[in-house]
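Q: Next come the chains, spelled out residue by residue.
Number of protein chains: 2
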Amino acid sequence: MLTAHTIKVLQSLDKKKFRQKYNLFLVEGNKIICELFNSNFKVKEILSTDPQKLDRTDVPITHISENELKKISFLKTPKDSVAVCYLDQQETWADKKVQLVLDGIQDPGNLGTIIRLADWFGIEQIICSEDTVDFYNPKVIQATMGSFTRVNIVYTDLVEYLSKTENVNIGTDMDGENIYTFEKPEKINLILGNEGNGMRPETEKLLPKCISIPRFGKSQSTESLNVSMAAGIILGQLFSK
Amino acid sequence: MLTAHTIKVLQSLDKKKFRQKYNLFLVEGNKIICELFNSNFKVKEILSTDPQKLDRTDVPITHISENELKKISFLKTPKDSVAVCYLDQQETWADKKVQLVLDGIQDPGNLGTIIRLADWFGIEQIICSEDTVDFYNPKVIQATMGSFTRVNIVYTDLVEYLSKTENVNIGTDMDGENIYTFEKPEKINLILGNEGNGMRPETEKLLPKCISIPRFGKSQSTESLNVSMAAGIILGQLFSK
Chain A
2 MLTAHTIKVL QSLDKKKFRQ KYNLFLVEGN KIICELFNSN FKVKEILSTD
52 PQKLDRTDVP ITHISENELK KISFLKTPKD SVAVCYLDQQ ETWADKKVQL
102 VLDGIQDPGN LGTIIRLADW FGIEQIICSE DTVDFYNPKV IQATMGSFTR
152 VNIVYTDLVE YLSKTENVNI GTDMDGENIY TFEKPEKINL ILGNEGNGMR
202 PETEKLLPKC ISIPRFGKSQ STESLNVSMA AGIILGQLFS K
Chain B
2 MLTAHTIKVL QSLDKKKFRQ KYNLFLVEGN KIICELFNSN FKVKEILSTD
52 PQKLDRTDVP ITHISENELK KISFLKTPKD SVAVCYLDQQ ETWADKKVQL
102 VLDGIQDPGN LGTIIRLADW FGIEQIICSE DTVDFYNPKV IQATMGSFTR
152 VNIVYTDLVE YLSKTENVNI GTDMDGENIY TFEKPEKINL ILGNEGNGMR
202 PETEKLLPKC ISIPRFGKSQ STESLNVSMA AGIILGQLFS K
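Note that the protein sequences, when read in sequence, are chains A and B.
Numbering-wise, the first sequence is residues 2 to 242 according to the numbering used here.
Numbering-wise, the second sequence is residues 2 to 242 according to the numbering used here.
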């Protein structure tokens, strides 16, 4: 039986403030939970409607009812289990050869999709501006389909970071160099801007070059592609060379 | 003032059965509604909280209250206007040189995203299996961001269609030819399968070849890419040549 206090704490973890206060975040569903065990993330406990399925002895597992699961789950259709995990207290990190840099991505679904893309393309690290949506947000965690366990995600002051990195900073916008002719530098940061406003002017100032996906459709009314879709198409092209 | 009957009819248009019964579908938001006027779609009437903004005399516009808009809108945060449109009664169509073929796509967001992608890449026609989600579904219409007005969407018996088309039918799966080495035929149908199950066996039988996006990440646990993301990356690559 979960106490009312426990339920209240777990329910509060959809807010960054409370995730930081308790140093905890939630991961839902056995499939993603199992990937935690191959990662640096530490699991505090698992609450499951079917503990036998998980078959782990190294982590406390509490049997809960469907009704309790409904109370603590952030999903419309709750899955089998919820893992309560500790935030990863990252101290030091170093640049990787190919990185994504996110300048104010706000939508949890977009961040989750971008993390999943990074994992697909073997990109090990994503650098985020401090105002990028928190990746411990339950919607982000679920949208990554477990990829957050394999991609290192760092929040930092972008202007400071971009000024000192040795990677070549390449922006993405609507009138940059055609991705089909662009020659990828060996060490690259690909910068993706906010959904509505793109990259910030102070970020753009620090970029030697921007690239764009050419639009083949003739209508001027066609909306620009969603940021995560654009990221996928650009990565697909960068990795072709 | 909208009558209770009108409200009931409009509310029923989230279901295919009622869209077909009344021969109507809804488009929400002035931005997308304006694109209807440059298309073949016929608008029956517009219900708007701010009719002056639309500035049209060729279509009946009814002034409605915010409260009435809330009742008829399918959006969480309703926009300014709702256009009531006639379904496009398509009779004949002919193959285009580059087409997408959808084999049982179920998620409205995926179909909407794929239509938007087609528009970006100038693909004029999408052929759907009869069990593909209806593109008049309000979630599809909104996810296309207006692109449904520029891409012709056809529902047909895929086995029959794929057997007789002169385009080369190219499937997409997890172990096909690498998209980076694949040579695009001049006339191509790119077939995308259902979210969970991929293409149907009876569809696959009719394909001379499948193509795949190579996974650069090393983990075997990485989930395969979402179908609309895969479509974007493949199209990005096909159009590079």
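Honestly, the hints are just simulated from the structure, not real lab data.
These figures come from a predicted structure and were not determined experimentally.
Fair warning: there could be bad hints in the mix.
Pairs involving identical chains hold if they fit within one copy or between any two copies, as the list cannot separate such chains.
[Stated by the list, open to error] Derived pair list, reagent style DSBU-like, types lysine-lysine, alpha-carbon separation capped at 30 Å:
1) 18 with 219
2) 219 with 54
3) 71 with 140
4) 18 with 32
5) 45 with 98
6) 43 with 206
Q: With reference to the structure, classify each hint as holding or not holding.
A: Now for the hints, and whether the structure bears them out:
no.: 1; hint: 18 with 219; in the structure: neither (46 Å within a copy, 34 Å between copies)
no.: 2; hint: 219 with 54; in the structure: between (53 Å within a copy, 27 Å between copies)
no.: 3; hint: 71 with 140; in the structure: both (16 Å within a copy, 26 Å between copies)
no.: 4; hint: 18 with 32; in the structure: within (27 Å within a copy, 36 Å between copies)
no.: 5; hint: 45 with 98; in the structure: neither (33 Å within a copy, 56 Å between copies)
no.: 6; hint: 43 with 206; in the structure: neither (39 Å within a copy, 47 Å between copies)
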